[in-house]
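Once you have looked at the hints, place chains S, L and B on chain G.
There are 4 protein chains.
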Amino acid sequence: MKAQKVEMFVVPMAAPSDTSGLQQLADAGKIKPDTLVAIAGKTEGTGQHDDWGRVWADVALRQWTSRFLGISIDDVAKQVIFVLSGGCPGVITPHIAVVTREWVEVADSDSQTEKRLVVGRAGSEPMPPEEVGRMGQIRKVAEATHRAMADAGLTDPHDVHLVMVKVPGLTTSSIKDAESRGKTVVSHDLTFGPEGAGVYANDAAALGVAMALGEVKESALSDGVVRRDWSLYSEVAMTSSGGEKRHGEVLVFGNSTASRSSLVIGHAVTKDFIDAEGVRNALRSAGLHFDGGLPDETDLSRLVHVFAKSVIPGSDQIRGHRITLLDDVDAYQIGKALGGMLVASVTGRTTNYVSGGERNSHQGPPGGNIIAAVVRTDG
Amino acid sequence: MKAQKVEMFVVPMAAPSDTSGLQQLADAGKIKPDTLVAIAGKTEGTGQHDDWGRVWADVALRQWTSRFLGISIDDVAKQVIFVLSGGCPGVITPHIAVVTREWVEVADSDSQTEKRLVVGRAGSEPMPPEEVGRMGQIRKVAEATHRAMADAGLTDPHDVHLVMVKVPGLTTSSIKDAESRGKTVVSHDLTFGPEGAGVYANDAAALGVAMALGEVKESALSDGVVRRDWSLYSEVAMTSSGGEKRHGEVLVFGNSTASRSSLVIGHAVTKDFIDAEGVRNALRSAGLHFDGGLPDETDLSRLVHVFAKSVIPGSDQIRGHRITLLDDVDAYQIGKALGGMLVASVTGRTTNYVSGGERNSHQGPPGGNIIAAVVRTDG
Amino acid sequence: MKAQKVEMFVVPMAAPSDTSGLQQLADAGKIKPDTLVAIAGKTEGTGQHDDWGRVWADVALRQWTSRFLGISIDDVAKQVIFVLSGGCPGVITPHIAVVTREWVEVADSDSQTEKRLVVGRAGSEPMPPEEVGRMGQIRKVAEATHRAMADAGLTDPHDVHLVMVKVPGLTTSSIKDAESRGKTVVSHDLTFGPEGAGVYANDAAALGVAMALGEVKESALSDGVVRRDWSLYSEVAMTSSGGEKRHGEVLVFGNSTASRSSLVIGHAVTKDFIDAEGVRNALRSAGLHFDGGLPDETDLSRLVHVFAKSVIPGSDQIRGHRITLLDDVDAYQIGKALGGMLVASVTGRTTNYVSGGERNSHQGPPGGNIIAAVVRTDG
Amino acid sequence: MKAQKVEMFVVPMAAPSDTSGLQQLADAGKIKPDTLVAIAGKTEGTGQHDDWGRVWADVALRQWTSRFLGISIDDVAKQVIFVLSGGCPGVITPHIAVVTREWVEVADSDSQTEKRLVVGRAGSEPMPPEEVGRMGQIRKVAEATHRAMADAGLTDPHDVHLVMVKVPGLTTSSIKDAESRGKTVVSHDLTFGPEGAGVYANDAAALGVAMALGEVKESALSDGVVRRDWSLYSEVAMTSSGGEKRHGEVLVFGNSTASRSSLVIGHAVTKDFIDAEGVRNALRSAGLHFDGGLPDETDLSRLVHVFAKSVIPGSDQIRGHRITLLDDVDAYQIGKALGGMLVASVTGRTTNYVSGGERNSHQGPPGGNIIAAVVRTDG
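Residue numbers (this note's numbering), protein chains in the order written: chain G, 1 to 379; chain S, 380 to 758; chain L, 759 to 1137; chain B, 1138 to 1516.
Rather than coming from a laboratory, the hints here were simulated on the basis of the structure. Take these hints with a grain of salt, some might be off.
Claimed, not checked - List of simulated lysine-lysine pairs, DSS-like, C-alpha gap at most 25 angstroms:
1. L:Lys1029 <-> G:Lys176
2. G:Lys271 <-> L:Lys934
3. S:Lys555 <-> B:Lys1408
4. L:Lys836 <-> L:Lys788
5. S:Lys494 <-> S:Lys409
6. B:Lys1139 <-> B:Lys1169
7. G:Lys176 <-> G:Lys78
8. S:Lys650 <-> B:Lys1169
9. L:Lys836 <-> L:Lys790
10. B:Lys1139 <-> B:Lys1167
Unchecked claim - The calculated label-pair distances, taken between Cβ atoms and stated as ranges, are:
11. B:Gln1249 <-> L:Thr1056: 43 to 51 angstroms
12. B:Asp1293 <-> G:Ser173: 45 to 53 angstroms
13. S:Thr534 <-> G:Lys271: 43 to 51 angstroms
14. G:Glu277 <-> S:Gln442: 36 to 44 angstroms
15. S:Gln442 <-> L:Glu1002: 16 to 24 angstroms
16. S:Ser598 <-> L:Ile831: 57 to 65 angstroms
Cβ coordinates follow ideal geometry from the N, Cα and C atoms, glycine included.
Just chain G, with the same shape it has in the complex (with noise of 0.2 angstroms):
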């Protein structure tokens, strides 16, 4: 029996092009070409819509990565799913986690009854514009939930703890290509605004992993809820859209007994944008047992990475105060750093993969977020 073997390795970046990390790994054997399977990360420049530094990072790892693999760079996206998230404003380092699948020989007798980490990706059918952040979306995300689910070896939604997803979003171009074939976008804004063409793209990700997961039937969806009916989301889609994807990318991670992974993934929700608690709760929820409220060095050092939304709450208020960060021009990149913050004050550590900004979001409870947390086993 083949079993799967996980590994997660976090590496700091000191550029948008460094791949000093990543050759690094290689030169020790810790990836090879045929283990590596995603590339998640978070990388330096403003985050925005026309962030130049995430490009050159996403140009820049797909070459190295083509050249370790020794294939095309148009095959790259075959192989490893890259999901890089832009902007570090704040306390996030920027950074990638790489992660490599090894499928291990085990006895069938060789029966484990606790739950490991697996991993499982594939990639959707294209999404033509006039699909972004409506049910044509959602359904070839829920879609392709579901095969990288079977990739991961997983078939109970409670198993999986974090799924991420990058979609095409709407470009200049692309808006133009729908409109003159009679179409009609979901947005004419490209920023990641309220009404932004990214966050509706994110949030139809969110609601087909959820339609996926059976967090939302499919039948309480349709164009009409995409951010408008806050009651539908997703416990652990995490989802980003770039203008240049023509087809969608879905990782999912969750745990199992055929795993035979030393790493342990769990994930909770915060219950507000203040909720240290919450990230706490994610952490335990992973295996860390730390007595008395708070971890310790000891508990810390077994907890391999954190990913974490920061979405900003749709309402002005927090525990009955109002905060005016729904009118702040520059919430998009606030909204992110402060996610980073309460992620770090808990971990002790700024290499944290926090995405966000925006204002609401399918991802996750209304004013919660989503936090997945990934702990190596004591054993």
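Leaving out everything else, chains S, L and B in the frame of chain G:
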């Protein structure tokens, strides 16, 4: 024997010109013309040097106070100290903390061993533009701090836990004035950037407090050390500057056995920018005795207010990892916002006074920030 | 027979609350309580939807006017139209243009063939949030425009050269109100971004003017064309919106033989974003007859004021070359600033009314902008 | 006798890494490894000191050039001068101007009286961080300017119409380096704000050019005059700085009878920030003889390129009226954008080289800006 009884009321503001909270306090008899000594708060707006939200709030609050006290607007500053810090990015609720001081008669025999909150205030000599950010400003703040301590009835610097100072900054016209008289000014940059007049003024004020309290020897001070020798700092100074001012204003908070307040103040310093434990230490210093690592709701119900700085570290490293905040165009806003999150994630509320965003400061040690807390005693 | 005599005074403001220029006009007898009909101006600040400079200016100017007219602040809007456009980026001097209208007795025989400046104003029916950016708003602006034309004594749309409109936009609370009543709103984005409520309101107002003037047929209008069908537009509408408003306000400027003003208004449309000749054409349209390609100082001395839009083109091409303005995070400020430069480089002065920054608009044809000019006649 | 023949090709870029225009020039035989001497351009991105668009463009263009010349990337700088100015706000098309220089044999008797375009280049001695913005940098730029003039075959400073310089700025790490060696640096501010290291470097470079050309006497120069004594300036220096550089690079353009180019260069200085006539004067200086006040299309068809500075005036007044640009948080972007509009409104095209945004500079007289134009001769 006359003894101080100090109270502090935290009042959210719904708009820069909102004085309804003040009026309610007045209507309820909680503040009186002869007890109102200070208003310290956070105003909404960009927080930049030309933030009209802060200016408008200042005008509106002074007008209200002028009517309340029955004196001219120009005379208000002689009786009531205003420390309005602009900018409420993120999770900082626009609010004011209204400070009253009553003198109650106590029997000489009625001795008390516990130290309780006292407050003192003083205005400084006028500070011409050529003194901003230099020894002239430092010495005048030091002198005013001594007088404010005397006004508070404090003699031991260790009893001082917070010194809020507002001093003149520079403006286009005050620079022109100085240079027309053959004087130089410390900077031509009016922003709060690393060489901005705003931070030079703030930092000279902080060194003035440090000199007054003996945290730094006068002999160690010179024009050249301001914003250059970071080993010199105060652990209790929170300073700000405004181009419209001509004098400095100093507000000292400390604890004294001569006080009959039911409030106590304490303070601590964070060890770095993500140090939530530093915030908790400030709460402990003021007398919150929360068990375990975290305060619960009963603990927090005794917390009256937190005053915090959120100065951006001068290094691009936090606990060994690179952050890009120093290079960030929006660092001033983000840096302030991050302090708001650090405090709110501990206090569970957003009505905290958090000023900052400067890159490095003599307010607090390198990398660390000052947090002061006011707590209601159990008894 | 009564005839209008309209004057316009351009007054710089030294701060958002500066009413000294108004006071000087009043002291000099140039404006009187019964002649003051409108104040249109540019206020300093960010110009964003939460620009406190604009709000403060509005409050200060209304307070002054209320005292000047001897009526309550709430009644001011019934007598004087305020069109304050926030944001003076670049070379736009904060200022107001104060418009007066006097009724002078002229003999019936005293006929005049030259058309001169007239002004008319009207308030609209209240516009609930669900009408913002939609047909409800369009129709109510059209209706008010008809009444403002009547007030101006204008019947032929060709005599109308400028229609300034201020309408309600959306706010967090008005959206909440609409949705609590089961209504939808046109956008959840409060900014002036491409799908922002601010631009939907502005554009519905522009289409309302276009409908009133016959520039667009009512049958061509529907909710769906707003910010989608750019072939529909007005060549004389300059519109703005503010969340605090409940009614629309319309101010019509045109020329009439029934006027005894010494001023004339004209307008033109630029062919693209860098078309300085379009600005010169507006000056010519208002009666400046400069010889050669350029006006000289004598020509310009007759120019009283310019009102200009600076809408960002919806295409990323200008005369065949790509620009990146559509993708620029700061496009709203920069787009407005660029119009200020285009106009100032022609008029040789910075006290021009320039509003804009939106990406595309029904105010003017695709890519072009409306410029109106008021000129003093020779005689 | 060998004579220079200089050509200039203006090539739009579709993205920061777009080298297709260069490749087309190479394929068409217009540039050759031994004729390519300089690439000066505007790259898209924020234009701030951490603008990854500019950095990426620099890397991509150098890589292409390295392959084209068949030399290592590190050696490229010895043969080809790169002056890439970041930021294309508003109506500035991302582009490069590619400069070639060929040496043609002419008979000694073949004398020519008309002066035509020549170009020369030189690298400077290395500039350590403590010299940035100070006399060390000034002197080294002056020295390199002399050598670049010699390389161009120019001896009379009046024949020099444009000197483009790129010098080292400061970075967090170069500041650390200097201070660890007991040296001070001119500023701790890495931005292009009024006391930023970027502008100090730019301005020292400008004074270096001024010293070389005799516009300013060496005896008038000292560390203390940089960004303080605005009466000292160059009328032909356009300078920029980058933290990544260690040497200065100087590119001199002028006219000489020894040239066999069909191009001529000229320059002028605007009298203030809105002076379109100053731009027209630059075109005239280069030999465009447009009749009337304005150039027509035939005139403009001979215009090859415009190089312009857009430095923000140090005063808050333009022609007697206040502007708020000096106080504007976004002034750096807006100031640059405004220069782009001023030039484009005259040239009728957006492919102009416009750098700027600094508040005040020794590049040009106080309030005015340098405009250089390259024109193709009639013959």
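Consistency of the hints with the structure:
1. Between Lys1029 of chain L and Lys176 of chain G, the direct Cα distance comes to roughly 22 angstroms. Compliance with the 25 angstroms bound is thereby established for this hinted pair.
2. A distance of roughly 22 angstroms separates the Cα atoms of Lys271 of chain G and Lys934 of chain L; the hinted pair therefore holds under the 25 angstroms criterion.
3. Restraint check: the Cα-Cα separation between Lys555 of chain S and Lys1408 of chain B comes to about 22 angstroms, which is no more than 25 angstroms; the hinted pair holds.
4. Between Lys836 of chain L and Lys788 of chain L, the direct Cα distance comes to roughly 21 angstroms. Compliance with the 25 angstroms bound is thereby established for this hinted pair.
5. This hinted pair checks out: Lys494 of chain S and Lys409 of chain S have alpha carbons roughly 23 angstroms apart, not beyond 25 angstroms.
6. Using a Cα cut-off of 25 angstroms, the hinted pair Lys1139 of chain B and Lys1169 of chain B holds, with the two alpha carbons roughly 18 angstroms apart.
7. Straight-line distance between C-alpha atoms of Lys176 of chain G and Lys78 of chain G comes to about 28 angstroms, which puts the hinted pair past the 25 angstroms bound.
8. Taken as a hint, the Lys650 of chain S and Lys1169 of chain B pair is broken in the structure, with Cα atoms around 59 angstroms apart against an allowance of 25 angstroms.
9. As the CA atoms of Lys836 of chain L and Lys790 of chain L are separated by approximately 16 angstroms, the hinted pair is consistent with the 25 angstroms bound.
10. The hinted pair formed by Lys1139 of chain B and Lys1167 of chain B meets the criterion: a straight-line CA distance of about 20 angstroms does not exceed 25 angstroms.
11. At about 44 angstroms, the CB distance of Gln1249 of chain B to Thr1056 of chain L agrees with the hint of 43 to 51 angstroms.
12. For Asp1293 of chain B paired with Ser173 of chain G, a C-beta distance near 51 angstroms keeps the hint of 45 to 53 angstroms intact.
13. Here the CB-CB span from Thr534 of chain S to Lys271 of chain G is close to 47 angstroms, well matched to the stated 43 to 51 angstroms.
14. Taking the beta carbon of each, Glu277 of chain G and Gln442 of chain S are about 43 angstroms apart, inside 36 to 44 angstroms as hinted.
15. Between Gln442 of chain S and Glu1002 of chain L the CB atoms are about 21 angstroms apart, so this pair conforms to the stated range of 16 to 24 angstroms.
16. Take Ser598 of chain S and Ile831 of chain L: their Cβ atoms lie about 59 angstroms apart, and the range 57 to 65 angstroms holds.
When the structure is compared with the earlier hints, violations turn up for hints 7 and 8 and for no others.
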